[in-house]
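Since the structure of chain A is already known, use the hints to place chain B on it.
One line per chain: the protein sequences are A and B, in this order. FYI, the numbering for the first sequence is 5 to 463, going by the working numbering. FYI, the numbering for the second sequence is 43 to 110, going by the working numbering.
Just so you know, these hints were derived from the structure itself, not from any lab. The reader is advised that the hints may include incorrect statements.
[Unchecked claim] Here are a few chain A residues that sit away from chain B, every Cβ distance over 10 angstroms (derived from the structure): (1) Pro-177; (2) Asp-191; (3) Leu-245; (4) Phe-251; (5) Arg-258; (6) Ala-264; (7) Arg-280; (8) Val-283; (9) Leu-311; (10) Phe-336; (11) Ala-433; (12) Ala-457.
[What the hints assert, rightly or not] Rough simulated footprint, nothing fancy, chain B against chain A, three-plus residues with beta-carbon under 8 angstroms: (13) 381-388; (14) 444-450.
Every residue, glycine too, gets a C-beta built ideally from N, C-alpha and C.
One-letter residues, chain by chain:
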Amino acid sequence: MRRFFLCLIYAFAFSIGVSAQDHSHNHDNHSHGHSHQGSSHNHSHDHSNHNHSHDHSGHNHNHDHSGHNHSHDHKHGAHGHDHHGHHAGCGIKHKEFNAGDLAIHHIADANVYSIGPLQLPLPCILYNKELGWKTFMSSKFGIGHHGDGHHAIDGYVLDGGSVKRVKAGQGFPMGELTVNGFNHTEDKEGKFLSQVCYDNKLYDLEPKSTADGGIFGGGITSFYDFSLTKNVVSMILVCFLLGWLFFYCAKQYRNRDGKAPTGVQNLMEVFVTFIRDEVAKPFLGHKWAKFFPFLLCIFFFIVGLNLFGQIPFFGGANATGNLAVTMVLALFAFIITNINGNAHYWKHQLFAPGTPWFVKPILIPVEILGLFIKPLTLMLRLFANITAGHMVIIIFVSFIFIFGKVGTNPAGAYGAAIGSTLLTMFMMAIELIVAFVQAFVFTILTASYIGAAVEEEHH
Amino acid sequence: MGGSIVAIGMGIAVIGAGLGIGNIGAKAMEAIARQPEAVGDIRANMILMAAFIEGAALIAIILSFLVA
Chain A
5 MRRFFLCLIY AFAFSIGVSA QDHSHNHDNH SHGHSHQGSS HNHSHDHSNH
55 NHSHDHSGHN HNHDHSGHNH SHDHKHGAHG HDHHGHHAGC GIKHKEFNAG
105 DLAIHHIADA NVYSIGPLQL PLPCILYNKE LGWKTFMSSK FGIGHHGDGH
155 HAIDGYVLDG GSVKRVKAGQ GFPMGELTVN GFNHTEDKEG KFLSQVCYDN
205 KLYDLEPKST ADGGIFGGGI TSFYDFSLTK NVVSMILVCF LLGWLFFYCA
255 KQYRNRDGKA PTGVQNLMEV FVTFIRDEVA KPFLGHKWAK FFPFLLCIFF
305 FIVGLNLFGQ IPFFGGANAT GNLAVTMVLA LFAFIITNIN GNAHYWKHQL
355 FAPGTPWFVK PILIPVEILG LFIKPLTLML RLFANITAGH MVIIIFVSFI
405 FIFGKVGTNP AGAYGAAIGS TLLTMFMMAI ELIVAFVQAF VFTILTASYI
455 GAAVEEEHH
Chain B
43 MGGSIVAIGM GIAVIGAGLG IGNIGAKAME AIARQPEAVG DIRANMILMA
93 AFIEGAALIA IILSFLVA
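Next up, chain A with everything else stripped away, as it sits in the complex (with noise of 0.2 angstroms):
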């Protein structure tokens, strides 16, 4: 039980190191704008906030700049709230509502937890070589739209519910003081470029600072991110869940020892005893007892995230389908396997033994590559299954905006509502299961992994 604990603390803690922020804004998937200006939401936050009439006293709210547009026809019928102070100013064009810039939205990390209407405030922990560490809650940036801050704070701007940092340079001015609005475009090599309105102009943002190098947008910044996320604000509260959940289920173990299990106990017994017999001692032979606390805890792990995701409104934090918190399990994973690793299974692994030797050539690398292969795939595997869950509901409910092209027709959007809720609930109860199968396969490949490694030779 301890050493589940144990596990369990330090995925979670590596999680946090790593996933300071996630992949997300693909910047293909932007080529046509940005669904911030496109006004449909399937979110019900609480328009009131983003008219004018709020009570940011101190706002700048820039309506009669030149730049100022709005002979464009903006519907706003699906709200019937206008939002345009925020947006406007720089010439920034509402865009067209698309469904796939709106799920990128949705999958990504952010520096906010919204639940339904609500818009709670997380803590950001910000890093510059100038600037120093940075500490204050999100709610500081004023919280709008989308997660769109109305303020700036030394440099640093609140996009699309993540914070990002204006690029140097620019004579961007410090401390504290209101922004008009963010626009996304594209910079001249083609990739993916938010702007910053301040005072009528433009000013160029560094994507957003994540550990991966920016394969899925974001990238190194000047600026590093430890803020408590989205992301790792579900990872605690599902680890406290479980760990109340284990703690008590121990207490109960203890002081019934003899009887038959109860409640959530039984149900817990259920899980347990099917991880140790489908999984651990088929694979793991006599030594499972030594993995089992750590594959228990991946499973757990895994299958609390994915459910916890799926809870509609609740901010659907999308923690196992952020490539750094797959990386970090899968990470955990490879090194557990080659650790344990004996000399049969290395041996394998670099000479090929009993193959001819023609084919040692190609068989030997191909074997060393698949030593990083095997945990790359289970990173990317429970990655691309829950993305995808969470894009296909989204998708789904977009249906309603797209058939009502956004607010003008209303037979279209009662039309599509209709299907898009059968559809989606027909997909959550696929996705229910595949929060079980994938935290499943996570483990019993990891145990196979393992028990390859572990394995004795035979003769």
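Same frame as chain A, now just chain B:
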């Protein structure tokens, strides 16, 4: 229409994986019908094999993302 060739590549990768996983599923069903008592072992191995094939498809998809 950037990335349309990438979409074709993804599609081809998914066809391959779909054929493979379909084959595994078909054979596993057959095996279960022949030997219903071995359903547990067959199911676990079926999922394991499907996961391996899925891995190949995932690598193709991620590579096409990187190329895009």
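Quick rundown of the hints versus the structure:
1. Pro-177: Per Cβ check, Pro-177(A) is outside 10 angstroms of chain B; nearest 36 angstroms; holds.
2. Asp-191: holds (15 angstroms)
3. Leu-245: holds (26 angstroms)
4. Phe-251: Its Cβ never comes within 10 angstroms of chain B, the nearest being 30 angstroms, so this holds.
5. Arg-258: Consistent with the label, Arg-258(A) stays out of reach of chain B, its closest Cβ about 31 angstroms off (over 10 angstroms).
6. Ala-264: Ala-264(A) is indeed farther than 10 angstroms from all Cβ atoms of chain B, at 24 angstroms.
7. Arg-280: Holds: least Cβ distance 13 angstroms, greater than 10 angstroms.
8. Val-283: Per Cβ check, Val-283(A) is inside 10 angstroms of chain B; nearest 8 angstroms; violated.
9. Leu-311: holds (19 angstroms)
10. Phe-336: holds (18 angstroms)
11. Ala-433: holds (19 angstroms)
12. Ala-457: Its Cβ never comes within 10 angstroms of chain B, the nearest being 16 angstroms, so this holds.
13. 381-388: Check passed, 4 qualifying residues.
14. 444-450: holds (count 4)
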